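Heads up: the sequence lines are chains C and Z, in that order. Counted the way this note's numbering counts, the first sequence spans residues 1 to 406. Counted the way this note's numbering counts, the second sequence spans residues 1 to 271.
In case anyone wonders, no lab produced these hints; they're calculated from the structure. Bear in mind that the values here come from a model prediction, so they are computed numbers and not experimental data. Mixed in with the good hints, there may be bad ones.
Dumping the calculated SDA-like pairs for lysine to any residue here, alpha-carbon to alpha-carbon at most 20 Å [stated by the list, open to error]:
# : chain 1 : residue 1 : chain 2 : residue 2
1 : Z       : K128      : Z       : L168
2 : Z       : K117      : C       : A17
3 : Z       : K117      : C       : K108
4 : Z       : K87       : C       : A362
If the Cβ cut is set under 7 Å, some of the chain Z residues that face chain C in the computed set are [claimed, not checked]:
# : residue
5 : A115
6 : S153
7 : I256
Glycine included, every Cβ here is placed at the ideal spot set by N, Cα and C.
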Amino acid sequence: MTSLWFDEAAFELLPKATEPLQRMRKQAFEEFRALPIPSQETEEWRYTDLSDFELSFEAHLPSVMRTTSGQDLDGLGVVFSDLDRAAGSDAELVERYLHTLVPTDRTKFTALHGAFRTGGTFLYIPRDVRVELPLQTLTYLDADGAAAFPHTLLIADEGAEVTFIDRFASPDLARALSDAIVEIVVGDGAHVRYVSIQEWGAGVTHLGIQRARVGRDAEFRSLAIGFGASLARAEAETVLAGAGGFSEMLGVFFADGTQHFDHRSVQDHVAPNCSSDLLYKGALRDASRAVYSGWVHVRPGAQKTDAMQTSRNIVLSEHAKADAIPNLEIEANDVRCGHAASVGPVDEETVFYLESRGIPRAEAERLIVTGFFQEVLDRVRLDEVRHNAELAIQEELAELSTAGVA
Amino acid sequence: MTQNDATAPATLEVKGLRAAVGDREILRGIDLTVQQGQIHALMGPNGSGKSTLSNVIMGRPGYRILEGSVTFNGEDITLLPPDQRAKRGLFLAMQYPTEVPGVSVVNFLRTAYQAIKGEQISALAFRKHMKTQMDRLGIEDAMVQRYVNQGFSGGEKKRNEVLQLAVLEPTLAILDETDSGLDIDSLKLVAESVNELAGPELGVLIITHYQRMLNYITPGFVHVMMLGKIVKSGGPELAHELEDKGYEGVRRELGIEAHEEVDEGPDEGVA
Ligand SMILES: Nc1ncnc2c1ncn2[C@@H]1O[C@H](COP(=O)(O)OP(=O)(O)OP(=O)(O)O)[C@@H](O)[C@H]1O
Ligand SMILES: [Mg+2]
Numbered sequence: 001m002t003s004l005w006f007d008e009a010a011f012e013l014l015p016k017a018t019e020p021l022q023r024m025r026k027q028a029f030e031e032f033r034a035l036p037i038p039s040q041e042t043e044e045w046r047y048t049d050l051s052d053f054e055l056s057f058e059a060h061l062p063s064v065m066r067t068t069s070g071q072d073l074d075g076l077g078v079v080f081s082d083l084d085r086a087a088g089s090d091a092e093l094v095e096r097y098l099h100t101l102v103p104t105d106r107t108k109f110t111a112l113h114g115a116f117r118t119g120g121t122f123l124y125i126p127r128d129v130r131v132e133l134p135l136q137t138l139t140y141l142d143a144d145g146a147a148a149f150p151h152t153l154l155i156a157d158e159g160a161e162v163t164f165i166d167r168f169a170s171p172d173l174a175r176a177l178s179d180a181i182v183e184i185v186v187g188d189g190a191h192v193r194y195v196s197i198q199e200w201g202a203g204v205t206h207l208g209i210q211r212a213r214v215g216r217d218a219e220f221r222s223l224a225i226g227f228g229a230s231l232a233r234a235e236a237e238t239v240l241a242g243a244g245g246f247s248e249m250l251g252v253f254f255a256d257g258t259q260h261f262d263h264r265s266v267q268d269h270v271a272p273n274c275s276s277d278l279l280y281k282g283a284l285r286d287a288s289r290a291v292y293s294g295w296v297h298v299r300p301g302a303q304k305t306d307a308m309q310t311s312r313n314i315v316l317s318e319h320a321k322a323d324a325i326p327n328l329e330i331e332a333n334d335v336r337c338g339h340a341a342s343v344g345p346v347d348e349e350t351v352f353y354l355e356s357r358g359i360p361r362a363e364a365e366r367l368i369v370t371g372f373f374q375e376v377l378d379r380v381r382l383d384e385v386r387h388n389a390e391l392a393i394q395e396e397l398a399e400l401s402t403a404g405v406a
Numbered sequence: 001m002t003q004n005d006a007t008a009p010a011t012l013e014v015k016g017l018r019a020a021v022g023d024r025e026i027l028r029g030i031d032l033t034v035q036q037g038q039i040h041a042l043m044g045p046n047g048s049g050k051s052t053l054s055n056v057i058m059g060r061p062g063y064r065i066l067e068g069s070v071t072f073n074g075e076d077i078t079l080l081p082p083d084q085r086a087k088r089g090l091f092l093a094m095q096y097p098t099e100v101p102g103v104s105v106v107n108f109l110r111t112a113y114q115a116i117k118g119e120q121i122s123a124l125a126f127r128k129h130m131k132t133q134m135d136r137l138g139i140e141d142a143m144v145q146r147y148v149n150q151g152f153s154g155g156e157k158k159r160n161e162v163l164q165l166a167v168l169e170p171t172l173a174i175l176d177e178t179d180s181g182l183d184i185d186s187l188k189l190v191a192e193s194v195n196e197l198a199g200p201e202l203g204v205l206i207i208t209h210y211q212r213m214l215n216y217i218t219p220g221f222v223h224v225m226m227l228g229k230i231v232k233s234g235g236p237e238l239a240h241e242l243e244d245k246g247y248e249g250v251r252r253e254l255g256i257e258a259h260e261e262v263d264e265g266p267d268e269g270v271a
């Protein structure tokens, strides 16, 4: 019998990894046992209550599909493979970077991830190599009571360029856990576009951390699309570690039913002369709940920082609730930082305008929300990526125009 | 049911209409009938209630009907949502068109077209249908790719309203100061377009401050509105009379005191 409690027995059942990884796992398992479930008393977990969350799942390897848009990656020296496989074939890189951006002892859940993860995606782009078309991983889960530990480790060496789409999907499930980690190393002068599309079904609890480290004169652009899961807590952090770096973090989410979204972002300016821009847009209906909290942190010495943070929310139902909480923590004196946040219903003038053209209210709302999101997508220059995202949004919002009709 | 048999022209009938915003009565007993195939002009000083009348007819939220009725083809429409009014053939070109961020004109119009006609139309077929109207109005392809009214100049907004009118093919349209903010060339284009559209298939109520629009489109009926009432109606000569004597002349003639009219400042972008 496999245990559902992430205990010694369950741990022993895991397929063995390479020696260094096995050590990391063991340590993570100890951390998992020592750490408490994060408490709402802490600032980080204020908006998500997991005190009653039963950690009784079966560790599970979801099916993963990688697509390369038909590009010859081997020829370029690009490694795009299963993370455990890379731990053998590219041991040096994996050992050097795995769990450095998101250490296993960060929370009980990262420790759990460190201990029970199998599989995941490893992507390495060598120096000055440019991958023309987007690479994509689809992680698909369809087992009730399963815990998946998706992990993406993306390393773009100096001057490398890549676009990567991380897609997560499942049918509606009675109960499942997605405990996900994304680590992205953007080398000096590298350009990375990272897109995540989270479409877990109902019943899934999604706890994800994405952390990127941006090198000197490097560019990191992320787009996070969040539609799924019953509860989704998604943290996205960018560390601007080298002078002249740039980070753009875009987010689009749509919540319905009783979905609970807890989005957190950090723009961490360590090096001088960096700029970062964040724009998150969300729409909520039914009795859903969303909290966005963001930090801009300018460390001492990070002079000439230019940082902006914007959160916009449309609340389509009186039972839905959204909050946006911006935070600036500035420890340098020569910086430009700003934030803007808004939460409000759909604009009635606009609804009337559309209705007066024969468009029923529900359809008008759908169109308005689509347009509201479009403004985020317009910032994505790569056509394939934008198109992908547009389709995902269209599909998600399609029901908005029918479900709303009494 | 409605009296909408194939032969009867579509008819908008406003009877004894009184309407308020909050506690303030703005429309104080309006009677007006406009039929498909007719052209009416409604003139009146700033703040007399012309836009309020159009808004109440189209069902804009925020107005309270105190008394009277608005029927379209015999059906009371005051309780219908605006989209249902549009679907029955009403159209309002707005004085201040609203921006719809992130939604392109073509996408917006196709959605509207499908909703009104109750049928799907391929993007290609719709583009063709729209193209004819665009050419007539001198509207470039680039404009319909842009987001609805976002960053449009005053004149572009008005031309976009007329494009919608042309594409959606209503039976009765209200043009609320569609001529304001247009330069001389645009005014000509818009007026000629409206003139072409205003045949037996369409009835129009043109709200305007100026004779210049009426130089292109000759209304069969002219109405003067003051203080929430239509105080005078007549033929096309009435518009000329107004141009000569101003509203002061009408006031004197009818013994109306000029009070309570809030001047909302100069008309936007008079060419
Ligand atoms: N939603 C509203 N809220 C408050 N007041 C309103 C509203 N709508 C109309 N009013 C008031 O009602 C009066 C009539 O306004 P309306 O816009 O109908 O005038 P109008 O005849 O169209 O004027 P104009 O020629 O300047 O366009 C004005 O005093 C206006 O301020
Ligand atoms: Mg007006």
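Compare the structure with the hints numbered earlier in the document and write down the numbers of the violated ones, lowest to highest.
2, 3, 6 and 7
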